[in-house]
Amino acid sequence: MVAVACGGVGAAAATWPLIDSMNPAADDQLRTFTVDLTSIQEGQSAAFVVDSEPIFVRHRTEAEIATAVGGDLSLLRDPERDSDRTLNPKWLVVVGACTRSGCVVHGNKDGQNRGEYGGWFCPCCASHYDTSGRIRTGIAPKNLRVPDYEILNDVTLLFRSPPRPTA
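For the sequence shown, our numbering begins at -7 and goes up steadily by one.
Careful: at least some of the hints might be erroneous.
Listed next, the in silico DSSO-like pairs over lysine-lysine satisfying Cα-Cα at most 30 Å (straight line) [unchecked claim]:
hint, residue 1, residue 2
1, K134, K101
2, K82, K134
3, K101, K82
The following label-pair restraints were derived from C-beta to C-beta distances [said to hold, decoys possible]:
hint, residue 1, residue 2, range
4, V147, A118, 30 to 40 Å
5, L67, F25, 31 to 41 Å
6, T148, C116, 12 to 22 Å
7, D140, K82, 13 to 23 Å
8, D64, S153, 30 to 40 Å
9, R69, T148, 29 to 39 Å
10, L79, A55, 18 to 28 Å
11, D43, L79, 32 to 42 Å
12, I131, T26, 29 to 39 Å
Simulated from the structure, these hints should not be mistaken for lab results.
All C-beta atoms, glycine included, are put in the ideal place defined by N, C-alpha and C.
The whole structure should be built from the sequences, with the hints applied where relevant.
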């Protein structure tokens, strides 16, 4: 009986490397990144790099939210409602790269040009984005992209990065 038990344990130990090799490699697994929102005061922004992309998180004021919600969508080049771009109206999360030039847009830091619409300004192609990250003037074709994220609780955002392609 003891021999059978030891043989079973030995067989399991011998097959474990084969079973474990079927798991995805560490660099193929979904990566996560969390952002603590407690340090971002109303009216301020913070920048993070997630999966090699600049991510801007803005704690919007009531006036910024009202501006983003109001207005005629038919006047926008890439019409999207503000509610379709945010999970919570007071937090706007966008990829901070111009959709035409790829340049990192200005307006995330105090004192930077925020464009005609109080959002972001591309220094490379002179495109202006509003407080919802929507293109308003300039040659950029699309709104600033909203990354894949979720709000875990009142103070934490979670980003999920897809696996990086292997060479």
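Quick rundown of the hints versus the structure:
Our distance criterion of 30 Å between C-alpha atoms is met by K134 and K101, whose separation comes to about 22 Å. At most 30 Å may separate the alpha-carbon atoms for a hinted pair to count; K82 and K134 meet this at roughly 22 Å. Among the hinted pairs, K101 with K82 is consistent with the structure: their alpha-carbon atoms are about 18 Å apart, no more than 30 Å. Between V147 and A118 the C-beta distance comes to about 36 Å, which sits within the given range of 30 to 40 Å.
L67 and F25 have their C-beta atoms about 35 Å apart, which keeps the hinted 31 to 41 Å range intact. Between T148 and C116 the C-beta distance comes to about 33 Å, which lies outside the given range of 12 to 22 Å. The hinted range of 13 to 23 Å is satisfied by D140 and K82, whose Cβ atoms lie roughly 20 Å apart. The given range of 30 to 40 Å is respected by D64 and S153, whose C-beta atoms sit roughly 36 Å from each other.
At about 33 Å, the beta-carbon gap between R69 and T148 stays in the expected band of 29 to 39 Å. A beta carbon spacing of about 20 Å between L79 and A55 agrees with the range 18 to 28 Å that was offered as a hint. Evaluation of the 32 to 42 Å hint for D43 and L79 yields a failure: the beta carbon distance comes to about 19 Å. Remark: the range hint 29 to 39 Å for I131 to T26 is upheld by a beta-carbon distance near 35 Å.
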